[in-house]
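Chemist: Be aware that the sequence shown starts at 1, since it is given in this note's numbering, and climbs by one per residue.
Dumping the calculated EDC-like pairs for lysine to aspartate or glutamate here, alpha-carbon to alpha-carbon at most 16 Å:
hint, residue 1, residue 2
1, Lys384, Glu428
2, Lys384, Glu403
3, Lys375, Asp445
4, Lys55, Asp65
5, Lys55, Glu80
6, Lys6, Asp445
7, Lys72, Glu122
8, Lys221, Asp248
9, Lys31, Asp20
Hints were generated in silico from the structure; no laboratory data involved.
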Amino acid sequence: MQYLGKDVVTHGSLLHLNRDTAWRRLRSRAKQGIRKAQRAGVRMVESRDLSLMAKVWYDPDTLTDHLDESQKLFLAYIGEELVGGIIVTPVTSNTLFYHYGGTTERGRRHEVNAYLFWHIVETFENSPYEYLDVGVSYREELQHYFQKYCTQSYPILFHPPSPDVRPSLHINPFENEDLHWEAPTAPPINTQLLDYFEAEFTFLPSGLFALQSAFRALDLKRGATIMVKSSLGLQSYIAGLKEAFGRDYNFVAAGEGATAVLVCHRWGVIDASVEEFSQGTIPLIEDCRDTLDAEGHGIRVGGFGTLSVLDFARLFPMQFGALLLGKYFDDREVWDRFHCLDVTKRNIVREQLLIHWPQRDSYAARRRENWRYLKELFHLVGMKPVSAQEESQSPTAFLLQCEEPYGAEKVAKRLADFGISVELDTAEQILALPCHEGLATGQLDYMFGAFRGMINPCYVFRRKDPAEAI
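Working from the sequences, and respecting the hints, build out all of it.
Modeler: As structure tokens, then:
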């Protein structure tokens, strides 16, 4: 059995490609090396000749046999003597990767390796690239070498932990420890919810069953056409509706003949068309499962639909619980028409809401903090959150705008190997990452580190087991 390791978060090293920033943040030992190489008269030459690079690379058999158009090779000379070389590879829109580098014995004496990095800074300072990824290693001596040139660190890991110790991270905040709770003495939760929503409501087991109950409450006949609007991810949202309710209803993005309109504030982003549809002649269902109190465009969600749906499991660390907002239905009607009466579950939901409802503002603040932290991490690789997701909202998820070669589907598959469940829309290249209040810096670093590992071109490398040579 071969030990792989590299399954715990460590930190890689970025070198800013702005000379002022880089020089200000570099360690004194790195600066000394750069000055020493400059005093030796090192000059740099751009080349495409890999045979020259092979003369300074520690193992010519492991050197790449070709250069892509985007890769750059620079050779270092003292006088006419070749003393070092470096190959850098673009890996994201703003990051170059230190792919290969080496020096001769004379080059090491004059610390040419330090000047190779500094030459990249000087060459790409005014380019679209912001960072040189100097590297990361789980070997102590090599990691120490990389960190000498670090002006900005980032979390990274290469391999998923074994299943028995692998985390399980989801957009919904429920965790194992949330199975235990002690209900406080407080005003009845029904009273608190009535005061907040200023509308009647019905408890239901989950967001999906609340949505199904809304269809049935409006007496939508089997085969009825429902027009669907969604602020984001319309294609995947409709796909989810068809999977859940496709045998009973026909969901369309546009067209005539609809008997109801369903507007979704997907991932907590407001769909402003809800106001227009609320003034129409056919009933409106407002899907607020991803948000509680989002505001914007002069709109506060939840008050426009004939019926609206909220899902507490998306917002609080609870397994169950949803509201059908807009009308109260008694138990007999929930049993006979909606076929999802669960009194035991409802009582548990009420108890848990007594704990979590008063904390909703602090939960929202924590979600925003986590959202900002993920934004900072993904900025390091030139990736941004979806522009429609405003920081002022209480985000259900961090919505990453993916782009090739790190498309939403590819990244989702990678993260799944690490126990990270995400939601995605491939048409709009949106990846929804967990950012709920139960996550701390360590979990966020783990998520980003799992993604960041696939950017490193060496992440598929496996050291050969010495026993295989016997």
